[in-house]
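Asks: So the chains spell out like this:
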Amino acid sequence: MEAAFKNRGGMLGVLFVLAVMVLMVSPFFGSSTVGWSDVFSSQESSVATKIFWQIRLPRVLVSFLAGATFALCGMVFQALFRNPLVSPSTLGVSTGASLGASVYIWLGLSFSLVGISGVSIFAFLGALLSILIVWSLARVQYNETSTARMLLAGVAVSFFFASLIIFIQYLSDVTESFKITRWLMGGLFVFGYKPLFDILPFVLIGCGTIWYFTNELNVFATGEETAQSRGVDVSIMVKIIFVLVSLIIGGLVAVCGPIAFIGIIAPHIARLLIGSDHRYLTPATFLFGGLFLTLCDTIARTVIAPVEIPVGVLTALLGGPFFLWMLRR
Amino acid sequence: MLNSAVELKNFAFRYDKGNVLNDINLSIVKGEYVSIIGPNGSGKSTLLKCLNRIVKGGEGTISIMGKPLSSYSQKELAKSVAYVPQHLSSAFSYTVDEFVTMGRYPYLKAFSPMTSEDQQAVEKAVQLTGLSDLRLRPLNQLSGGERQKTYLAAALAQEPDILLLDEPTTHLDPKFQKDVQKTVCDVSRNLGITVLHVTHDLNHILTWSEKIVALKAGHVCYYGLSKDVMTADHLKNVFETDFHLLADPVEGHPIIVPEAH
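Line order of the protein sequences matches chains E and Y.
According to this note's numbering, the first sequence is numbered sequentially starting from 441.
According to this note's numbering, the second sequence is numbered sequentially starting from 19.
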């Protein structure tokens, strides 16, 4: 273990090269084949060229950024709660965001606020509500959170909000209900570059802020009391992180649905590769999360082509056993 | 007072469930080694946590190095006051080097690498605590004593004026208790750091401490030189049990033995 973490720069370089390779190769795979010659074809109107530039490339970029950002959110929660089993999905934050978005769809609303879509705002409010409920239930006394209570509270909030989503689906007509169901599976059904630009502000602000806080996350991961004694204003930091993660999850879930388990798998594997120091773990988690979701999405759209599996189904199929394996460790 | 490291005037603190500290008046002189004793629940740990704002609030005033506690930002406070807990529960396995480096948090800037001053401070803390050979070892592979020394090293990397120790040797075997305690004493004396040490180990106090604060039910019962506070009557009053003070056959200083029956 000691030797493995000595060359962290090298490991980050390997992850970077792998991420670039996945980004370059992935757009060529899917239900129909796109060749190298199609990409730079002079016939811009050819179907293969359109598939590459208007469907595959934006989709791969969205999957990479979404995976990277979901993974960073998981890493932040794990440091904050000092528990590797914690992520936006296990704490019910993703379900909260889904509830917010489902309410938006059900109410038939259509608005945007300073360029942010209404569905993102509703998803943000749902995520924030769930995280506040879990946090308040997990507090056992001054400056202390109970991990067991927190996970149980997360499960309870998840179940409760999932029940509300089912209730909303029951009240909706068949088309809306089907739309909600497909979207809840978590999918990257991206056409054109609008979804990319929709998530970009959340990704840039979110990842930039998380990177800014790498020193704080290190100290936080050793306990709230220690963090406070090292100079972190814990109560302010917790509020910033809660709002930030809710904002990111809201923005991502509104576009991609609640893609499960990336937030657990990616930080954990990155930690095995590069150690727990967040100055290195943050870029490693970003790169690994991005390339992992992009790979999953590539598999999801090719394995039973021409039919696509929603990528959330695939990450959940991988993530469930992974979670159980971690529980046994 | 100008030479006070820590000064509390009419300080009181309460959690939701009731008062923990009442009307505390204390003045700790710079560079002194002061132990804080008292029964469980007497407010010892809370007193330490009020001094570095792990818990916030309270009535009355606290001054740190001549300045009101309220005038410090949390980062500035961490440059003056460091805290060593009894135990840490980190879910992730940091190495000794990484953990000690975290002591530099109040000096670090975002997006910037550590400066040469930061590296020197970490190096010095590691040297002083004798952890040089363990720098790349994960914390979960250390013995209890080595781990406590790592916590101490991280606190020293903060380059504090005041060191708060919350029962750092409680769960250690006698060899490591002595080892860690000696390291704390040597380092604090060499660097001129003021130490406030919460402990239940009454015999070690007599060896290391210059002064003692005895707390009972949130009040300061006694405060003074160790030899003056550590009498059988005072201890009985504080802990509500009888004690015998015997003479050490080798060194002559008193040994404190609680009555068995």
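What the hints contain is simulated information worked out from the structure, not anything from laboratory work.
Quick reminder that beta carbons are idealized off the backbone N, C-alpha and C, glycines included.
Warning: the hint list may mix true and false statements.
These stretches of chain Y come out as covered by chain E in the derived footprint (C-beta under 8 Å, 3 or more residues) [what the hints assert, rightly or not]:
# : stretch
1 : 95–109
2 : 117–123
3 : 126–135
Partial pick of chain Y residues on the chain E-facing surface, computed with a CB cut under 8 Å [to be verified]:
# : residue
4 : Asn70
5 : Arg71
6 : Gln92
7 : Phe257
Asks: Against each hint, give a clear statement of whether it holds in the structure.
Replies: We went through each hint and held it up to the structure:
Given a C-beta distance limit of less than 8 Å, the hint that chain E covers the stretch 95–109 of chain Y holds, as 11 residues qualify and 3 suffice. Under the rule that three or more residues need a Cβ within less than 8 Å of chain E, the assignment of the stretch 117–123 of chain Y holds, with 4 such residues. Here's how the stretch 126–135 of chain Y fares: 3 of its residues keep a CB closer than 8 Å to some CB of chain E, so the rule of at least three is met and the hint holds. Annotation: interface hint on Y:Asn70 holds; nearest CB of chain E at approximately 5 Å, less than 8 Å.
With its C-beta approaching chain E no nearer than about 7 Å, Y:Arg71 sits inside the 8 Å limit, and its interface hint holds. Checking Y:Gln92 against chain E by beta carbon gives a least distance of about 5 Å; that is within 8 Å, so the hint holds. Here the hint on Y:Phe257 is broken, as its CB sits about 25 Å from the closest CB of chain E, past 8 Å.
Checked against the numbered hints given earlier, this structure breaks only hint 7.
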